[in-house]
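Undergrad: Sequence:
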Amino acid sequence: MIRKVLVEENVHCPAQRLWLIMTMPAEVKRWFGAGECSFEPRLGGEVRFRWTTASTKGSVVLWAPPTIFAVQFQPGSRVEFWCDPIEDGTRLVISSTVEMDDPHALSEMLNTWVSCARRIKDRAEGAK
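Under our numbering, the very last position in the sequence shown is 128; numbers go up by exactly one each time.
Just so you know, the hints here were simulated from the structure itself, not pulled from any lab data. One or more of the hints may lead you astray.
Label-pair distances were calculated between CB atoms; the ranges are [claimed, not checked]:
| hint | residue 1 | residue 2 | range |
| --- | --- | --- | --- |
| 1 | Thr56 | Glu87 | 32 to 40 Å |
| 2 | Glu46 | Thr112 | 16 to 24 Å |
| 3 | Arg91 | Gly126 | 16 to 24 Å |
| 4 | Asp88 | Ile2 | 33 to 41 Å |
| 5 | Glu40 | Met1 | 26 to 34 Å |
| 6 | Leu43 | Pro103 | 30 to 38 Å |
| 7 | Met24 | Asp84 | 18 to 26 Å |
| 8 | Ala26 | Asn111 | 18 to 26 Å |
Here are the simulated BS3-like pairs of lysine-lysine, each with C-alpha atoms no more than 30 Å apart in a straight line [stated by the list, open to error]:
| hint | residue 1 | residue 2 |
| --- | --- | --- |
| 9 | Lys57 | Lys4 |
| 10 | Lys4 | Lys29 |
| 11 | Lys57 | Lys29 |
Backbone N, C-alpha and C fix where the C-beta goes; we use that ideal spot for every residue, glycine too.
Starting from the given sequences, assemble the full structure and let the hints guide the process.
TA: In structure tokens, the structure reads:
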């Protein structure tokens, strides 16, 4: 079954700053929290995350700075990151679509993206 998780955060910074936090390889390592991480910020760029017990790889399938990029992981797994300017900053939207049947795994996925969105927000707003 196709499942979708949507996470939104209002971030008090310009869209360009948020974009850099979301796409600079060193920053991706900070907010994603993977043990090892590589991210090529361009259309067709390779994305790899490795933890102690698992790993995943994908590619950037949509790249439209400073508004949106998307990463396709396994077939049926796609994550989109949006920067939408709002009156007092930028709305960060993370949309993750995946094929899964396990409600526990879906809950874990939601928690992961909520945590990522908060770390992105903290970095963009100046927290260390």
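Undergrad: Now look at each hint and say whether the structure bears it out.
TA: Against the structure, the hints come out as follows:
1. Thr56 and Glu87 have their C-beta atoms about 37 Å apart, which keeps the hinted 32 to 40 Å range intact.
2. Roughly 21 Å separates the CB atoms of Glu46 and Thr112, a value that falls within the hinted 16 to 24 Å.
3. The hinted range of 16 to 24 Å is satisfied by Arg91 and Gly126, whose Cβ atoms lie roughly 18 Å apart.
4. Distance hint check for Asp88 and Ile2: the Cβ-Cβ separation is about 34 Å, which falls inside the suggested range of 33 to 41 Å.
5. Remark: the range hint 26 to 34 Å for Glu40 to Met1 is upheld by a beta-carbon distance near 31 Å.
6. A hinted range of 30 to 38 Å holds for the C-beta pair Leu43 and Pro103, which are about 34 Å apart.
7. For Met24 paired with Asp84, a C-beta distance near 20 Å keeps the hint of 18 to 26 Å intact.
8. For the hinted restraint 18 to 26 Å between Ala26 and Asn111, the CB-CB distance of approximately 24 Å keeps it satisfied.
9. A distance of roughly 19 Å separates the Cα atoms of Lys57 and Lys4; the hinted pair therefore holds under the 30 Å criterion.
10. Under the criterion of a C-alpha separation no larger than 30 Å, the hint pairing Lys4 with Lys29 is consistent with the structure, at around 24 Å.
11. Distance hint between Lys57 and Lys29 is fulfilled; the C-alpha atoms sit about 14 Å from each other, no more than 30 Å.
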